[in-house]
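Going down the list, the sequences are from chains A and B. For the first sequence, the numbering used here gives the first residue as 1, with consecutive numbering after it. For the second sequence, the numbering used here gives the first residue as 1, with consecutive numbering after it.
No lab work stands behind these hints, which were simulated from the structure alone. Treat the hints with care, as some may be off.
[As the list claims (entries may be wrong)] Below, simulated DSSO-like cross-link-like pairs (lysine-lysine); rule was C-alpha separation at most 27 Å, straight line:
1) B:Lys57 <-> A:Lys101
2) B:Lys14 <-> B:Lys78
3) B:Lys57 <-> B:Lys11
4) A:Lys101 <-> B:Lys101
5) B:Lys78 <-> A:Lys106
6) A:Lys68 <-> A:Lys106
7) A:Lys5 <-> B:Lys57
8) A:Lys106 <-> B:Lys57
9) A:Lys101 <-> A:Lys5
10) B:Lys78 <-> B:Lys101
11) A:Lys71 <-> B:Lys101
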Amino acid sequence: DQQVKQNSPSLSVQEGRISILNCDYTNSMFDYFLWYKKYPAEGPTFLISISSIKDKNEDGRFTVFLNKSAKHLSLHIVPSQPGDSAVYFCAASEATGANSKLTFGKGITLSVRP
Amino acid sequence: GAGVSQSPRYKVAKRGQDVALRCDPISGHVSLFWYQQALGQGPEFLTYFQNEAQLDKSGLPSDRFFAERPEGSVSTLKIQRTQQEDSAVYLCASSTGPNEKLFFGSGTQLSVL
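Take the sequences, apply the hints, and build the full model.
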């Protein structure tokens, strides 16, 4: 039973355009959400997070939006750069502000074309 | 070191062998996590330590899996009588506390033949 779903396995965008990565969840107890980025042969690195008390969090080119009623979040990257090409994992936690015991999605492979 | 260090980087085991995977967390990080990432999947939680105490081992898939962190620093994940379904990347992560950002190592890729 996948509690965090990333239904699109891959996304390809042109450099300079917006990348929108989607994530859905089923567990209503989740109240903290994170995005991790992973390059081949490396471990995931933290990108951005959002608490359930917010609907938007922005950090430079990265913005995460949360729609609690729809149990949906998305990561926007603007403008996309070739160095953004990686696998992006959506993750969620039940404990407020916690990074422990994260539940991950399967990941989305983003390719940014020069 | 500057980051979380895991060894070996790759491990090939024959079915039935025992393996031990090592994790050196970032110095001073009290929280340590193990995750298992199968091919094409996201990481799945295995177990969590705060200092030397194993506070959550609910994700360990069977009693063949055992983790320890005796001095609250280095941790070892041991898998006994390995099976083919144990083939995965085993990721270790550490943080300064249970509610802080996780730093992941590069993982150990285990292949059981």
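Against the 27 Å threshold, does the CA-CA distance of Lys106 (chain A) and Lys57 (chain B) hold or violate the hint? 22 Å, holds
Hint consistency between Lys78 (chain B) and Lys106 (chain A) [alpha-carbon to alpha-carbon, up to 27 Å]: Holds. Lys78 (chain B) to Lys106 (chain A) sits at ~25 Å (cutoff 27 Å).
Regarding the pair Lys57 (chain B) and Lys101 (chain A), is the alpha-carbon distance no greater than 27 Å? Since the Cα atoms of Lys57 (chain B) and Lys101 (chain A) sit roughly 10 Å apart, the hinted pair holds (cutoff 27 Å).
Verify the proposed pairing of Lys101 (chain A) with Lys101 (chain B), using a straight-line Cα cut of 27 Å. 12 Å, holds
Given hint Lys57 (chain B) paired with Lys5 (chain A) - CA-CA distance at most 27 Å: Within the cut-off at roughly 24 Å; holds.
Holds or violated: are the alpha carbons of Lys68 (chain A) and Lys106 (chain A) at most 27 Å from each other? Holds. Lys68 (chain A) to Lys106 (chain A) sits at ~20 Å (cutoff 27 Å).
Please verify whether Lys71 (chain A) and Lys101 (chain B) have alpha carbons no more than 27 Å apart. Status holds; Cα separation ~23 Å.
Compare the distance between the alpha carbons of Lys78 (chain B) and Lys101 (chain B) with 27 Å, and conclude whether the hinted pair is satisfied. Holds, at roughly 26 Å.
Against the 27 Å threshold, does the CA-CA distance of Lys57 (chain B) and Lys11 (chain B) hold or violate the hint? 23 Å, holds
Between Lys14 (chain B) and Lys78 (chain B), does the CA-CA distance stay at or below 27 Å? 15 Å, holds
CA of Lys101 (chain A) to CA of Lys5 (chain A), is that 27 Å or under? Satisfied, since the Cα-Cα distance of roughly 17 Å is no more than 27 Å.
Consistency note: the structure conflicts with none of the earlier hints.
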